[in-house]
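Asker: So the sequence lines, in the order shown, correspond to chains A and B. The first sequence: position 106 = 106 (this note's numbering), numbered continuously. The second sequence: position 51 = 51 (this note's numbering), numbered continuously.
For the record, the hints were derived by calculation from the structure and aren't laboratory data. As the structure is a computational prediction, the values presented were derived from the model and not from experiment. There could be a bad hint or two in this list.
What the hints assert, rightly or not - One side of the interface only, derived from the structure: several residues of chain A facing chain B at Cβ under 7 Å:
# : residue
1 : S192
2 : W203
3 : Q204
All residues carry an ideal CB built from backbone N, CA and C; glycine is no exception.
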Amino acid sequence: MPAAKAAASIRRIAWRLRPVFLFAALVALPYLLSYSQQEIAVLLVVNVLLVSSYRLLTLTGEWSLGHVVIMGVGAYASALLAKQFGVPVPLSMLIGGGMAAATAAILSFPLFRMKGFYFLIGSFAAGEIIRLIWKRFTDPFGGPKGLKRIDPFPDIETGFLSIDFYEPVNYYFLALAVVSASLFVLYRIERSRIGLTFHAIHWQDRLAESVGVDTFRYRALAFVIASFFAGIAGGLYAHYVGAVNPTRFSVDQMVYVLVWAIVGGTATFHGPILGVVVLTVINEIVLRALGLDTARPLIYGAILILSVLYLPNGLESLGPRLQALWRRRRGGPAATGREPA
Amino acid sequence: MNAHGDRPILEARGLTRRFGGLVAVDNFSFSVHEGAIHGLIGPNGAGKTTTFNVISGFYAPTAGQVFFRGLDISGRKTSALAAMGLVRTFQGSTLFQEFSVLDNVRVGRHLGARAGFLSRLIGTDRASEREADDKARETLAFFGLEELADEPVSNLPHGHQRMLGMAVALAAEPKVLLLDEPFTGMNPEETRRMMALVRRIRDRGVTVMLVEHDMQAVMNLCDTITVMNFGALLVEGAPEAVRNDPAVIEAYLGSATGNGAGDAA
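With the sequences and hints as input, model every part of the structure.
Answerer: Put into structure tokens, the structure is as follows:
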């Protein structure tokens with residue numbers, strides 16, 4: 001009995017220390033990876049922000065097909081500000097996020113006249129228009145070839161500290177810090193009354209409107225916040241990879257975001273993060289090892305279909321399900337063990 | 001007899017709403033006095049719900065005006081009307097079904113719980129949120145639902161869901177409350193309790209206008225009744241007068257049947 005009690009309290013302490021373990025794992029991660037895997041880890045961190053910001057928009061019940069293009073707005077804006085106007089890179093990223101948010105604010109007026117499927121199609125059309133602008137206007141957007149030799153994140157050089165952000169490990173930590181801070185803000189928004197109002201609009205927009213919620217303004221607010229963080233993700237991407245082009249932000253890429261969100265599940269904050277991490281690991285480690293990485297769309301499609309059929313609430317529902325199964329398994333013997341006492 | 005104010009708090013003048021060729025509301029006028037319980041009745045398809053939707057801002061009127069406390073509010077947004085103190089409920093159990101009972105009423109406190117974006121983010125909205133919470137619980141207590149605060153709405157029986165719908169609206173602190181068929185689907189006991197609640201809401205200083213099919217409830221509850229037929233005003237007056245009005249009886253029963261029955265007798 002004491003042994004069991006001790007085991008239980010250890011488990012409880014371990015549960016409490018989850019954030020510490022997570023932090024340690026995230027810090028240790030790049031040192032366990034090869035150089036090319038480190039590069040993938042950087043992009044994964046950026047994608048975590050992309051899909052998490054997307055989830056904030058879906059809280060109001062609207063699914064957009066333009067989110068990756070909005071990320072591109074942030075990427076293009078930050079790259080151009082740095083290249084053409086010499087704006088220092090961290091600041092250009094912030095302004096890039098602001099430009100993405102401003103684009104969303106303007107698009108709100110036509111788009112939120114629509115709901116559901118119509119909004120989906122409308123957002124797709126709006127995204128394509130933005131992409132056509134990038135393609136058509138070689139000056140300043142570089143046309144179909146896009147922008148190259150985008151200024152990298154400036155190195156930090158002080159007497160005793162020198163950080164070169166060309167190194168994926170260093171950029172990984174930079175992205176991790178920016179994305180963690182962004183996720184914290186997104187989380188706080190969701191847990192506040194603003195989040196409650198977003199959910200309310202999703203489930204009964206007429207009722208919400210009748211007690212004074214300006215549903216248009218709140219839908220637009222969700223869109224603007226989500227777009228700001230997508231723009232930040234775009235900036236992180238642009239100054240790491242050093243090149244952007246219209247194809248990088250095409251609807252194919254949007255489909256991946258949808259698959260991450262759907263396979264992960266959008267009911268909880270961590271669902272989409274789980275989706276992007278698991279699918280990236282499957283993609284980069286399993287498929288690459290098997291030499292199947294060119295079959296990525298095919299396999300993503302299969303995973304999407306399988307998860308919709310067998311795990312309709314996403315990967316996020318897998319934990320509670322396994323827990324319930326585990327408890328039932330252990331419930332049997334434990335109950336019989338208690339009987340003699 | 002009752003101490004009603006003389007100036008109408010809610011008034012429609014020549015209200016018209018067309019859907020393509022169909023005239024759902026046709027040059028319809030009425031006035032609701034402050035502190036009254038005002039019934040809007042009429043046979044099916046008379047345009048009662050459309051009238052409600054126009055008053056509450058879901059549809060803009062094709063012609064005519066709606067005045068609230070002397071102000072022309074025609075075509076304003078529903079949320080703006082709620083901020084002015086004109087709040088409606090919905091037919092059936094239109095609620096945030098996925099929320100707890102308390103969270104439903106907390107959404108109803110939307111206008112009362114103001115805070116800036118940044119203060120929401122860093123959590124300095126705690127004081128206003130606690131106040132919203134208290135007000136929400138107080139509203140639940142008024143309806144006798146405080147024990148169910150943490151239940152998911154989907155666990156509530158129909159009668160309680162209807163009361164919760166009213167609680168959500170009342171949490172927005174309306175001056176005029178529009179009730180859309182508050183007694184539909186209720187048994188006589190539930191209807192009796194709901195009627196008592198509507199009276200108590202009125203006694204708190206809220207003017208009530210309701211659309212309802214339960215004739216007995218309307219006759220017992222309302223101070224004034226407006227009868228609509230084919231989108232237009234038929235009669236307006238006290239319950240006794242309306243009950244005995246030949247035009248009203250004809251609208252509900254039809255004249256041909258009435259004559260036939262008279263001949264047989």
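Asker: Which hints, by number, does the structure contradict?
Answerer: none
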